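Listed below are the residues making up each chain.
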Amino acid sequence: MAELSVNHLLGIKYLNKKDITLILETADNFKEVINRSIKKVPTLRDVTIANVFFENSTRTKLSFELAEKRLSADVVNFSAGGSSVKKGETLIDTVNNILSMKVDMVVLRHPNPGAGIFLSKHVKASIINAGDGAHEHPTQALLDSYSIREKLGDVGGKKVLIVGDILHSRVALSNIFALKLQGAEVKVCGPRTLIPKHIESLGVSVETDLQKALQWCDVANMLRVQNERMDISYFPSTREYTQQFGVNKKILDNLDKEIVIMHPGPINRGVEITSEVADSDRSIILHQVENGVAVRMAVLYLLASKIN
Amino acid sequence: MGQKVLLTSKEINIILHRLACQLLENHLDFKDTALIGIQPRGVFLAERLANLLKTDYGVKDIDLGFLDITFFRDDFGRGEILRANMTKMDFLVEDRKVVFIDDVLYTGRSIRAALTAIQSFGRPRGIELLTLIDRRFSRHLPIQPNYRGRQVDAIGDEKVKVMWEANDGEDMVYLISK
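Line by line, the protein sequences are chains A and B. Okay, so the first sequence: first residue is 1 according to the working numbering, each after it adds one. Okay, so the second sequence: first residue is 1001 according to the working numbering, each after it adds one.
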C-alpha cells in the first residue's frame, strides 16, 4: 500500500516523486514521535544496522545513529580509521564480514562516487548512501526538502538557489534532483570554476551575480567550499570568495523580500555565511538538523519494511 | 461477495447514546479522564462520542486525543506496510483515566499496540476500552472491551465495515463475506 519503489537508497536519481512524497509524509509522523517526552518506538527492534563510514562525519553519523536508536534497531558503528581496511581489506570483504554477523542494513559513507551502488550489487543488505564522494547525499536532500516544505508549505513552485562549490558538492546534486522532481525551480550560483560544465542539462539555471540570484529566490541553500576535495586552486583567495559569494546581513537587508537561509553544515562562519545570518530568524539551519533525524527514521522505516 | 447490514443509522444512534451514558456513569465530569481514538478508524467514533457528551449530556470539557499505533504494531515486515497517521495528544495521561476508543475489536493486536504506545505519554491510572463492534471468537490476545456497542459472531474471512457520516456519508455497519 505504501511502499518505496526501491530496495536501497543510493541516490535521489533512483527515486520517483511518489517515493519522495511518501518519505516526507512518513517523516511528519516521526517528527511528532521525536518531540514526545519518550522519543522511542519499538518498530525496528529485530533489525540490525551497520553504520559504515569511510569518511569523516559529525551530523550525518549522529543523525543516523539517533534515528536508528529511536526506532529501536540494534546499531553497530564502523569507521575506516581503526579498521582492517588499513591492512588492505576490500570494501566488499569488509561489508560481507559485517553482514555475516547478521546485519540487515548498511548506512555507507565513502569517498568514492558510486560506492553504494557498487556495494548494492554485491552484498545482500539494504544499502543507504550517506554520501559517496562528490556524487550524492540523498538523505541531506530529503531533509532539505522537508525543511523547505515545513517552512514554506510546499516545495513545488518554489525558487531555490544553491550557492557555492557546486562542483564538489554531493548535496547540490542530490538537491537538484529532489527539487526538480517536486517541481521547484533551481538556480546555482558560484564562481564559474566551481560550477560543473553542462549543469543546465539538469534543468537548472546559472547565475554568477549573488545579489541578482538572491533577489530571485525564495530559499538560498549555502554550501561550504570543500577545500579537502580541491587538488588545484579554483579561486584566488578565500577573502575574494567571501566578497563575491558570501552572504551577510547587509546583502539580505538590501533585498526587497525575506528569504529563507539554509546550510547543510559544517559551516565555515565568515566565509560562505556570516554568524549574524547563520544565527538569525531567516536561517533554518538547526531545523534542518532536527528534521534530519525524522527524515532518516522515515527512510530506515520504509526500507526496513522491504527486508524479507 | 455478500453484504449484510449489521447496524442501521438509527441503531447506531441509539448505541452511541447508550455508550455515552455508560461513560458518563463511570467518569462523571471527565476531569480525570482522557478519551483516545485509535487511528485511523477509532477517531470518528471518539469524536462522535465526545460531541454527544458535550451537546446532549452537558459535559463541559473533554480531553480528546488520537493515537496512532503504526510504529508499535507487532507485524512489522510480516505483511503490507501501512501508512502512519498523526498522533494528536495535547495533554499528558500521567495519573489519569484513559478510555481507548476503536470501531471494531477483532484480534486485539491493535489494542495491544495502543497499550504500549500510550506509555510515551505518561503512566495512566487506568485504561478502559470502548468499541462499537466486538467480534467474538476471533481474539488472539486476552483483551476484552469495557464498553461494547454490539457483539458480533463473524467468521474468519468475513469483514466488518463501519461507516461514519462524517467520513463516508452515512452511519452504517456492514458484514461483508467473501
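It is worth saying that the hints were derived from the structure and are not from the lab. If you're wondering where the values come from, they're calculated on a predicted model, not measured in any experiment. Be a bit skeptical, because a hint or two may be false.
Unchecked claim - BS3-like cross-link-like pairs, simulated, lysine-lysine; straight-line CA separation at most 27 Å: (1) 121(A) <-> 306(A); (2) 69(A) <-> 1088(B); (3) 1097(B) <-> 40(A); (4) 1088(B) <-> 1054(B); (5) 1054(B) <-> 40(A); (6) 17(A) <-> 180(A); (7) 121(A) <-> 159(A); (8) 69(A) <-> 87(A); (9) 18(A) <-> 249(A); (10) 13(A) <-> 87(A); (11) 18(A) <-> 1054(B); (12) 1054(B) <-> 31(A); (13) 18(A) <-> 212(A); (14) 13(A) <-> 121(A); (15) 306(A) <-> 151(A); (16) 306(A) <-> 13(A); (17) 151(A) <-> 1161(B); (18) 18(A) <-> 87(A); (19) 1088(B) <-> 39(A); (20) 1054(B) <-> 39(A).
Here is how each hint holds up against the structure:
Restraint check for residue 121(A) and residue 306(A): satisfied, since their Cα atoms lie roughly 17 Å apart, inside the 27 Å limit. A distance of roughly 23 Å separates the Cα atoms of residue 69(A) and residue 1088(B); the hinted pair therefore holds under the 27 Å criterion. Distance hint between residue 1097(B) and residue 40(A) is fulfilled; the C-alpha atoms sit about 23 Å from each other, no more than 27 Å. Straight-line distance between C-alpha atoms of residue 1088(B) and residue 1054(B) comes to about 20 Å, which keeps the hinted pair within the 27 Å bound.
Distance hint between residue 1054(B) and residue 40(A) is unfulfilled; the C-alpha atoms sit about 35 Å from each other, more than 27 Å. Between residue 17(A) and residue 180(A), the direct Cα distance comes to roughly 10 Å. Compliance with the 27 Å bound is thereby established for this hinted pair. A distance of roughly 37 Å separates the Cα atoms of residue 121(A) and residue 159(A); the hinted pair therefore is violated under the 27 Å criterion. Proximity of residue 69(A) to residue 87(A) is assessed by CA-CA distance (about 31 Å); at most 27 Å being required, the pair is judged violated.
Taken as a hint, the residue 18(A) and residue 249(A) pair is broken in the structure, with Cα atoms around 38 Å apart against an allowance of 27 Å. For the hint linking residue 13(A) to residue 87(A), the alpha-carbon distance of about 34 Å lies beyond 27 Å, and the restraint is violated. Between residue 18(A) and residue 1054(B) the CA atoms are separated by roughly 41 Å; this puts the pair beyond 27 Å, and the hint is violated. Between the alpha carbons of residue 1054(B) and residue 31(A) the distance comes to roughly 32 Å, so the proposed pair goes past 27 Å and is violated.
For a cut-off of 27 Å, the pair hint linking residue 18(A) to residue 212(A) is broken: about 33 Å separates their Cα positions. Between residue 13(A) and residue 121(A) the CA atoms are separated by roughly 17 Å; this keeps the pair inside 27 Å, and the hint holds. Only pairs whose Cα atoms come within 27 Å are accepted, and residue 306(A) paired with residue 151(A) is rejected, the gap being roughly 31 Å. With a C-alpha separation of about 20 Å, the suggested pair residue 306(A) and residue 13(A) falls inside the 27 Å cut-off, and the hint holds.
This hinted pair does not check out: residue 151(A) and residue 1161(B) have alpha carbons roughly 39 Å apart, beyond 27 Å. As the CA atoms of residue 18(A) and residue 87(A) are separated by approximately 43 Å, the hinted pair breaks the 27 Å bound. A threshold of 27 Å between alpha carbons decides the hint, and for residue 1088(B) with residue 39(A) the separation of about 15 Å falls inside it, so the pair holds. The suggested pairing of residue 1054(B) with residue 39(A) is violated, with an alpha-carbon distance near 33 Å, which exceeds 27 Å.
The structure fails to meet hints 5, 7, 8, 9, 10, 11, 12, 13, 15, 17, 18 and 20 from the earlier list, while all remaining hints are met.
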